[in-house]
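Asker: Sequence:
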Amino acid sequence: MIRGRKAWATAVAVLTVVGVAPTGVYAAPAPPEVRTATAAADAGGTLPPGWRIAADNGRNHLEWRAPEPVPLGDARVEFRANGALVGVPEQQDDGRTFRLPLEEVRPADLDDLRVEAAGRRLDERETPGSDAGRQAKPPAPKLPPKLPAGSVDPGRPGSYATTTAEYDLPGIKLPGLPERVEMRGVVVAPTKASGKRPVALFLHGRHNTCYVPGKDGDSSGAWPCPKGSKPIPSHRGYLRDQKLLASQGYVTVSISANGINAQDGNIEDHGAQARSSLIRNHLGRWADWAAKPASAPAALRKMPKADLSRVLLVGHSRGGEGVNRAAMDSLYPPPAAQDGYRSKARWNIRGAVHIGPTLFGHNPVPDVPSLTILPGCDGDVADLQGQVFTDGPRGVSRGKALHSSVYMIGANHNFFNTEWTPGQAVAPADDDFWHDPEAPHALCSPGAAGRLTADQQHKAGATYIAAAARLFVAGDDRVRQLVDGTGRRAPSADPARVLTHAVGGNRSAVFLPDDPQGPPKVTGARFCDAVAPGRSACVGEEEESDLSPHFASWGPGREAGRRAVALDWKKPGTVARLTPKKPVAVKGAQSLALRLAVPQNTSGTRFDVHVKDARGKRAKLGTVRVDGLPGAEWTRSYWAQEIRVPLAPAVRAKLDLGRIAHLELTPRSSSGKALLMDAWSWKPGTPAAPAAPLTRVDIGRLTVKEGDSGFRTYQVPVRTTGRNAGTVRLYVIDPDTGKSTGKLVEVGPGTAGIKVKLKVEGNKRYGWDKAHDIRVKAVRGTVVGADSGGVTAENDDPMPKVTVEPVAADVTEGAPLTWRISLSEKADTDIVTLARLVPVPGGRPELSTADVDQEWVSQLVDEIPNPAIPLSKVPYETLWITVEPGEKSVDLTVPTVRDQEKEPTEYVRFQFMNDDEDEQPLGAPVEGTVRDAS
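Residue numbers 1 to 934, in my numbering, belong to the letters of the sequence shown in order.
Be aware that a few hints might be false.
[What the hints assert, rightly or not] Distance condition first, Cα-Cα at most 25 Å in a straight line; then the derived DSS-like pairs of lysine-lysine: (1) Lys581 - Lys654; (2) Lys888 - Lys770; (3) Lys521 - Lys581; (4) Lys826 - Lys759; (5) Lys612 - Lys654; (6) Lys673 - Lys705; (7) Lys873 - Lys770; (8) Lys581 - Lys683; (9) Lys801 - Lys743; (10) Lys705 - Lys757; (11) Lys617 - Lys705; (12) Lys142 - Lys459; (13) Lys801 - Lys826; (14) Lys617 - Lys521; (15) Lys770 - Lys755; (16) Lys673 - Lys587; (17) Lys770 - Lys757; (18) Lys826 - Lys764; (19) Lys770 - Lys705; (20) Lys196 - Lys173; (21) Lys305 - Lys292; (22) Lys521 - Lys743; (23) Lys620 - Lys673; (24) Lys743 - Lys764; (25) Lys755 - Lys739; (26) Lys612 - Lys673; (27) Lys302 - Lys196; (28) Lys705 - Lys801; (29) Lys764 - Lys801; (30) Lys743 - Lys770.
The hints are simulated quantities; they were obtained by calculation from the structure and are not laboratory data.
Turn these sequences into a full structure, and let the hints steer you where they fit.
Answerer: Next up, the structure:
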């Protein structure tokens with residue numbers, strides 16, 4: 001196609017029509033941004049290689065086709081332009097094609113169109129450092145020193161032998177999924193273990209679902225698996241982790257979710273609710289079997305009885321978001337219409353582990369303790385958005401649940417699952433981090449200093465899963481120092497370099513940039529926004545803001561309520577003073593804990609830390625040093641480390657520890673930059689964290705017909721449940737500009753709640769469906785299930801009829817051939833007809849590439865042919881003819897050229913077609929005639 005698969009422009013060519021023009025035919029619509037060229041293609045309107053507009057079932061799609069299949073991954077694939085989200089496409093069955101219905105394309109300048117997944121480019125196959133790396137090998141980043149060993153090592157096997165079994169129950173129907181989802185699990189349990197045993201349930205992430213044994217690389221995202229193929233056993237990829245926990249006394253089960261992975265591509269929440277339903281269906285069965293052991297599958301009856309009052313959930317990638325939603329739904333039931341499990345929870349989730357997780361909804365459960373593993377070389381969920389599991393709960397609830405981030409240097413995304421690991425998986429698998437042997441990545445290429453092997457990574461992951469189990473479920477507080485920023489290591493995880501920080505637990509807020517009690521003040525530094533364009537951003541565009549896991553995007557282009565404090569100094573001694581709205585109490589605390597981030601690979605950044613009480617008495621708590629994490633191109637290493645200073649100096653100076661009014665950071669380095677995420681008073685211990693009675697909010701979507709005239713007002717469906725009032729932040733997105741406006745809204749009993757009324761304008765013109773979207777995020781006293789929804793106004797008008805009439809059907813060379821393509825009615829969107837060059841029958845002379853304007857020819861070829869060839873033989877033989885919104889016709893022009901040679905009459909022949917999947921012909925082919933001028 002006219003550079004067809006490369007150009008987003010209409011080629012208006014000229015033609016003479018001989019014979020009968022097709023009448024009364026329907027044309028499919030074209031993309032909103034199509035531009036029209038009259039004599040030549042508009043170079044500014046070209047799509048990048050691999051892109052085109054495609055039609056399917058009467059709908060046009062913006063389509064990108066990868067040069068090779070893209071494995072089904074966990075990160076959300078997005079079409080973006082100039083940094084703005086255009087839409088979320090759906091992956092097609094071939095694994096290479098991604099399509100976004102054009103009615104879902106958000107208005108944007110599409111000159112810089114790209115495909116991204118969690119911040120990494122998919123439509124550019126350059127590997128990190130591929131240009132610079134060939135000129136000079138980058139230096140290896142310096143790894144942090146080995147931390148002292150903790151007093152316990154949860155990675156050591158326990159005393160129990162283990163046994164393994166599987167179960168495969170009838171599949172279940174889940175809302176929004178056409179096909180049934182499997183109920184399959186692999187169980188590893190201790191043998192000869194007395195009494196009821198705690199439970200650990202694992203859920204894998206999004207991966208290809210089927211493979212053909214014996215055919216290397218032959219896998220797909222189909223479901224059910226086609227004949228000759230088998231399901232990829234992703235759920236068997238955590239057997240080592242399961243065996244470790246089983247040896248320590250846990251009954252473990254890892255469940256399969258291929259049926260969700262194959263069907264979640266076009267679901268608004270990307271399958272989070274479906275995964276929660278699947279998890280709770282399994283837990284429900286385990287509760288049944290615990291109550292009536294004889295009802296369990298035969299292979300499980302000899303295993304210890306499960307104690308459903310002590311459950312740990314472990315989720316990898318999208319499975320991480322799934323276990324988060326399952327924990328939420330167990331405490332705060334979801335809307336019945338969206339849920340695939342209708343019974344009450346008969347279990348108690350004590351904690352959750354998220355491994356390289358997604359969290360598209362930015363909706364962590366604040367009162368369920370969590371541990372999140374952030375792989376430093378993650379090539380799938382590359383933005384490390386799982387950091388929101390730690391940052392997000394701040395200030396939302398009571399703050400007693402511990403939320404830990406575990407930054408694992410040198411770990412990729414896939415190797416936590418053996419069935420996603422080359423050489424260990426039964427199906428095709430790969431290393432998700434990009435590697436170019438000619439330009440190896442300084443940190444993440446195989447063999448680089450700090451890059452973990454598959455076995456090293458899996459062992460480290462198993463160790464920290466066991467740490468979470470021992471802390472959250474068994475209540476062994478000795479493990480806490482391995483995960484809460486104390487700076488101790490688990491020897492079983494060696495040689496992995498692991499850094500941790502945490503919020504919650506025995507911490508109390510001293511300084512939160514977005515304190516729900518009131519905004520603090522800052523002097524000598526500035527507040528910055530995690531997600532914002534321009535100068536208010538914490539990290540500017542020139543500094544590659546995607547390098548910080550703390551700033552993973554959610555939806556709105558500017559997001560309030562996610563701030564940090566940016567320090568930037570040129571000389572030592574510049575005091576940054578942080579003042580909470582009200583003095584805070586640190587009485588009884590042992591230390592002040594700061595989460596500070598400095599740029600990657602920096603060293604020697606030092607600060608003096610002072611506090612001042614409400615009476616003006618000041619004390620120096622100490623001097624701290626922060627070295628940046630090792631990083632290189634494409635890693636997210638601008639991550640906050642936990643720094644603690646003792647409060648003993650403030651006690652000795654007799655400060656009023658019940659009324660600390662100021663926190664001061666004084667740089668001692670000559671110059672530098674840093675980000676302060678927050679500051680807490682800290683003391684040892686892990687307190688109980690009972691779930692608070694939070695109010696749950698779920699946003700729905702209403703689909704309506706636009707109507708023929710006037711305005712109709714619709715209210716966005718919102719479900720709010722709970723006994724207490726709370727606060728959320730609401731964003732309303734303009735469907736025409738894509739810009740959002742946000743505000744705080746009180747929800748729950750005694751409040752007005754979320755009432756968003758949207759106007760839909762009716763007309764009798766054909767156009768795209770229009771989505772009016774809203775987004776919601778928890779702020780205080782709330783949890784959010786479905787975070788997005790709105791009102792979608794469906795077009796209810798028929799497409800205009802297309803007719804084609806000759807304007808200049810028989811011309812002398814040098815004059816243009818012209819057709820006029822007309823619509824029966826004006827439309828609100830582009831309407832496209834295809835014109836394909838076809839051979840002229842009967843051996844008659846055909847117009848060649850030398851007989852028409854060469855710039856016009858350039859639309860149809862990569863290089864101007866020499867010698868000339870007939871137009872029907874050009875590589876891109878199809879022209880797109882677009883009637884733009886509000887217009888009723890457009891001329892298709894082929895500009896012929898006059899030469900001095902005597903030639904016979906020449907012809908050109910076109911077949912007009914609908915722009916749909918089948919490209920059905922619109923009547924018989926038509927001809928244009930060009931006569932010699934000499």
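Asker: None of the hints should be skipped; say for each whether it holds.
Answerer: These are the hints, each one checked on the structure:
Pair hint Lys581 plus Lys654 holds up; C-alpha atoms about 23 Å apart against a cutoff of 25 Å. A C-alpha spacing of about 22 Å is found between Lys888 and Lys770, which places the hinted pair at or below 25 Å, so the restraint holds. Between Lys521 and Lys581, the direct Cα distance comes to roughly 7 Å. Compliance with the 25 Å bound is thereby established for this hinted pair. A distance of roughly 23 Å separates the Cα atoms of Lys826 and Lys759; the hinted pair therefore holds under the 25 Å criterion.
With a C-alpha separation of about 11 Å, the suggested pairing of Lys612 with Lys654 holds against the 25 Å cut-off. The straight-line distance between the Cα atoms of Lys673 and Lys705 is roughly 53 Å, outside the 25 Å bound, and the hint therefore fails. For a cut-off of 25 Å, the pair hint linking Lys873 to Lys770 is broken: about 41 Å separates their Cα positions. Distance check on the hinted pair: Lys581 and Lys683 sit about 23 Å apart at the alpha-carbon level, within 25 Å; holds.
As the CA atoms of Lys801 and Lys743 are separated by approximately 45 Å, the hinted pair breaks the 25 Å bound. At roughly 16 Å between alpha-carbon atoms, Lys705 and Lys757 fall within 25 Å of each other, so this suggested pair holds. A hinted pair counts as satisfied when its Cα atoms are at most 25 Å apart, and Lys617 with Lys705 does not qualify at roughly 67 Å. Between Lys142 and Lys459 the CA atoms are separated by roughly 23 Å; this keeps the pair inside 25 Å, and the hint holds.
Simply put, Lys801 and Lys826 have alpha-carbon atoms about 10 Å apart, close enough for the 25 Å limit, and the pair holds. A C-alpha spacing of about 19 Å is found between Lys617 and Lys521, which places the hinted pair at or below 25 Å, so the restraint holds. Between Lys770 and Lys755 the alpha-carbon distance is near 20 Å, which keeps this suggested pair within the 25 Å criterion. Proposed proximity of Lys673 and Lys587 is contradicted: the alpha carbons are some 31 Å apart, above 25 Å.
At roughly 15 Å between alpha-carbon atoms, Lys770 and Lys757 fall within 25 Å of each other, so this suggested pair holds. Between the alpha carbons of Lys826 and Lys764 the distance comes to roughly 9 Å, so the proposed pair stays at or under 25 Å and holds. With a C-alpha separation of about 10 Å, the suggested pairing of Lys770 with Lys705 holds against the 25 Å cut-off. Only pairs whose Cα atoms come within 25 Å are accepted, and Lys196 paired with Lys173 is rejected, the gap being roughly 31 Å.
Between Lys305 and Lys292 the alpha-carbon distance is near 10 Å, which keeps this suggested pair within the 25 Å criterion. Note on Lys521 and Lys743: the hinted pairing holds, with a Cα-Cα distance of about 21 Å set against a maximum of 25 Å. Taking the CA atoms of Lys620 and Lys673, the gap is near 22 Å; set against the 25 Å cutoff, the hint holds. Taken as a hint, the Lys743 and Lys764 pair is broken in the structure, with Cα atoms around 35 Å apart against an allowance of 25 Å.
With a C-alpha separation of about 19 Å, the suggested pairing of Lys755 with Lys739 holds against the 25 Å cut-off. This hinted pair checks out: Lys612 and Lys673 have alpha carbons roughly 24 Å apart, not beyond 25 Å. For the suggested pair Lys302 and Lys196, the alpha carbons sit about 13 Å apart, so the restraint of at most 25 Å is met. At roughly 22 Å between alpha-carbon atoms, Lys705 and Lys801 fall within 25 Å of each other, so this suggested pair holds.
Between the alpha carbons of Lys764 and Lys801 the distance comes to roughly 14 Å, so the proposed pair stays at or under 25 Å and holds. Proposed proximity of Lys743 and Lys770 is supported: the alpha carbons are some 23 Å apart, at most 25 Å.
Of the hints listed earlier, those the structure fails to meet are numbers 6, 7, 9, 11, 16, 20, 24, in rising order.
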